[in-house]
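**Q** Below, each chain spelled out in residue letters.
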Amino acid sequence: MFPKPIETRSASAQFAYKAMLPIALLFWLAPLLAVALFSIKPEADFTNANYWGLPSRFEGAVNYGQVFFNSDMPRYLLNSVFITVPTVIGAVALSCMTGFALGIYKFKSNLWIFFMFVAGNFVPFQILMVPVRDLTLQLGLYNTKTGLVLFHIAFQTGFCTLFMRNFIRALPFELIEAARVEGISEIRIFWYVVLPLMKPALAALSVLIFTFIWNDYFWAVVLTQGAESQPVTAGITSFNAQYRAAYHLMSAGSIVAALPPVAMFFLMQKHFIAGLTLGAVK
Amino acid sequence: MTVSADISENESWFHRNQQSLAPWLFLAPGILFFAVYVIAPVFQSFNLSLYEWDGLGQAEYVGLRNYEDLYYEFVDRDAFYTALKNNVIWLALYLLAIPAGLFIALFLNQTVAGIRIYKSLFFFPFVISQVVVGLVFSWFYDPNFGLLNTIIGFVGLGPINVLGNEDLVTYGIIAAGLWPQTAYCMILYLTGLNAVDPEQIEAGRLDGAKGWSMLRNIILPQLRPATFIAFVVTIIGALRSFDLISIMTEGGPFGSSRVLAYYMFEVALSEYGFRMGYGAAIAVVLFLIMMCFITYFLWSMYREERGY
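Listed in order, the protein sequences are those of chains Z and G. Okay, so the first sequence: first residue is 6 according to this note's numbering, each after it adds one. Okay, so the second sequence: first residue is 343 according to this note's numbering, each after it adds one.
No lab work stands behind these hints: they were computed from the structure. Among these hints, one or two may not hold up.
Derived DEER-like restraints, expressed as beta-carbon distance ranges [what the hints assert, rightly or not]: (1) G:PRO540 <-> Z:ALA98: 37 to 43 Å; (2) Z:PRO205 <-> G:PHE449: 25 to 31 Å; (3) G:SER354 <-> Z:ALA98: 24 to 30 Å; (4) Z:PRO201 <-> G:ASN536: 25 to 31 Å; (5) G:SER354 <-> Z:PRO201: 42 to 48 Å; (6) G:GLU508 <-> Z:PRO177: 58 to 64 Å; (7) Z:VAL286 <-> G:ALA434: 25 to 31 Å; (8) G:ALA434 <-> Z:ILE28: 27 to 33 Å; (9) G:LEU406 <-> Z:LEU142: 40 to 46 Å; (10) G:PRO540 <-> Z:THR151: 38 to 44 Å.
No experiment lies behind these values; they were computed from the predicted model shown. Virtual Cβ for every residue (Gly too), placed ideally from N, Cα, C.
Can you make the complete structure from the sequences, with help from the hints?
**A** Put into structure tokens, the structure is as follows:
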């Protein structure tokens, strides 16, 4: 192990290390902790310039209650769910198939198609912006969740294909050959042989795409406008405009908006990290 | 049933050609979506950059005029080159996430009690949306009550308005961006460090390598795949910087924190007008910059594929 395990050092070094951990963490998360602190303060603290002292009263329930019951926030959250979940399902489904095709079959243009997906996944959003917005308008899907979902599925297919194809490449190919010898059709090989083996990849990819899409801001701004279809990342800016300078509410709102992917991360940590670091180890 | 016995004679055309047809059937939906929403729009944008169009009326062909306007800054004074310069600063400074991530990973790569929680909490900023990161950091920088000014106030330094200062603003936003990006690089390196070959470390120790020389000669070469991915995602992230700028400054003050990605959006889709063709020209420039890196990434991947 590198660096040298701390257990092999002197007791004082071990103590120093263990003391440093929480301090370092405190500094690292300071901006976030500040917002958490703001979100439980009463409004009076801000007018009295008591920004950093202890809250004069605990008003967390009031502030978060305000966010949940007296603003458009629940609506934005729901929109985010209805945008994110279909996208995850769609992109993962499409890329299971593309990944299977590119990972299993040998044909001439295989690598080129694969590179097309990879390259497409890296292009700047701006080069797609005007044509995609135009297309969405023409389809009558501007300012709808469907319009956003369709684009997200298409774009995420690039990354998902890269992921799935590399995952399938690492599966034992003998399994597929054995199945072919048995005369099993290709679609059945896909469904009964390969798909069950892909469960870890499906889990990893789902949490990753969930986070990416939940946190998307650019496309939300480009393709949607009002509270009826905007996800929470775009909604938070309208929320903040509504409560300008009400820092206790803006903080509570930001925390609520940030929470779902955070929860997802802590619940599915293993899969999440496996997904993010795919390829980081050979 | 005797179907299975004479199946070879009754095989349909589809069955006989199954193995060469199957990949295309599996690829069809994905390629269709990708072609419509990603590949075609790239070419459409290239085409659009030769027109003047307000998004509604007739588009007028203007040849390369949009590019001339950019090059000579006929339309917006000091906009294009400021944005371009900021993109370069973003690229250069964003890469700091890689050594910073490595540093934190080395700090956390221990096995003391509770270390897993620490690793997760250090990774935390990456999971939060950039919009929230932007909000959090604009309050952090706030000249009246921000944590930054509260802290430097203790040591007697006057308040600085990072986001209101033309010379500081881009650096302030990059610092905010580095926060989640460093977390990402850290997790890549933690995974990489986990897989480092312990025998090589032992061999190195016997040869008297430790600390810096161990890191450079034995650990870093084994972390290469992690470094490559960290490099790719950091470059892409730097060139895609949009959310933070939009949330924290909207390109201001006086356009000094614009990057190409934000400038393009501003030109094509904001109250400053709907100059789609001009916006497309900016997008093409950004695309060409990105293409240099994409080509390099693909080339690296291609070499690796050949190695299979």
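**Q** Take the hints in turn and mark each one as holding or not.
**A** Hints, one by one, checked against the model:
| no. | hint | verdict |
| --- | --- | --- |
| 1 | G:PRO540 <-> Z:ALA98: 37 to 43 Å | 41 Å, holds |
| 2 | Z:PRO205 <-> G:PHE449: 25 to 31 Å | 29 Å, holds |
| 3 | G:SER354 <-> Z:ALA98: 24 to 30 Å | 27 Å, holds |
| 4 | Z:PRO201 <-> G:ASN536: 25 to 31 Å | 27 Å, holds |
| 5 | G:SER354 <-> Z:PRO201: 42 to 48 Å | 28 Å, violated |
| 6 | G:GLU508 <-> Z:PRO177: 58 to 64 Å | 59 Å, holds |
| 7 | Z:VAL286 <-> G:ALA434: 25 to 31 Å | 28 Å, holds |
| 8 | G:ALA434 <-> Z:ILE28: 27 to 33 Å | 30 Å, holds |
| 9 | G:LEU406 <-> Z:LEU142: 40 to 46 Å | 27 Å, violated |
| 10 | G:PRO540 <-> Z:THR151: 38 to 44 Å | 52 Å, violated |
Going down the numbered hints, you'll see the structure goes against 5, 9, 10, while the others check out.
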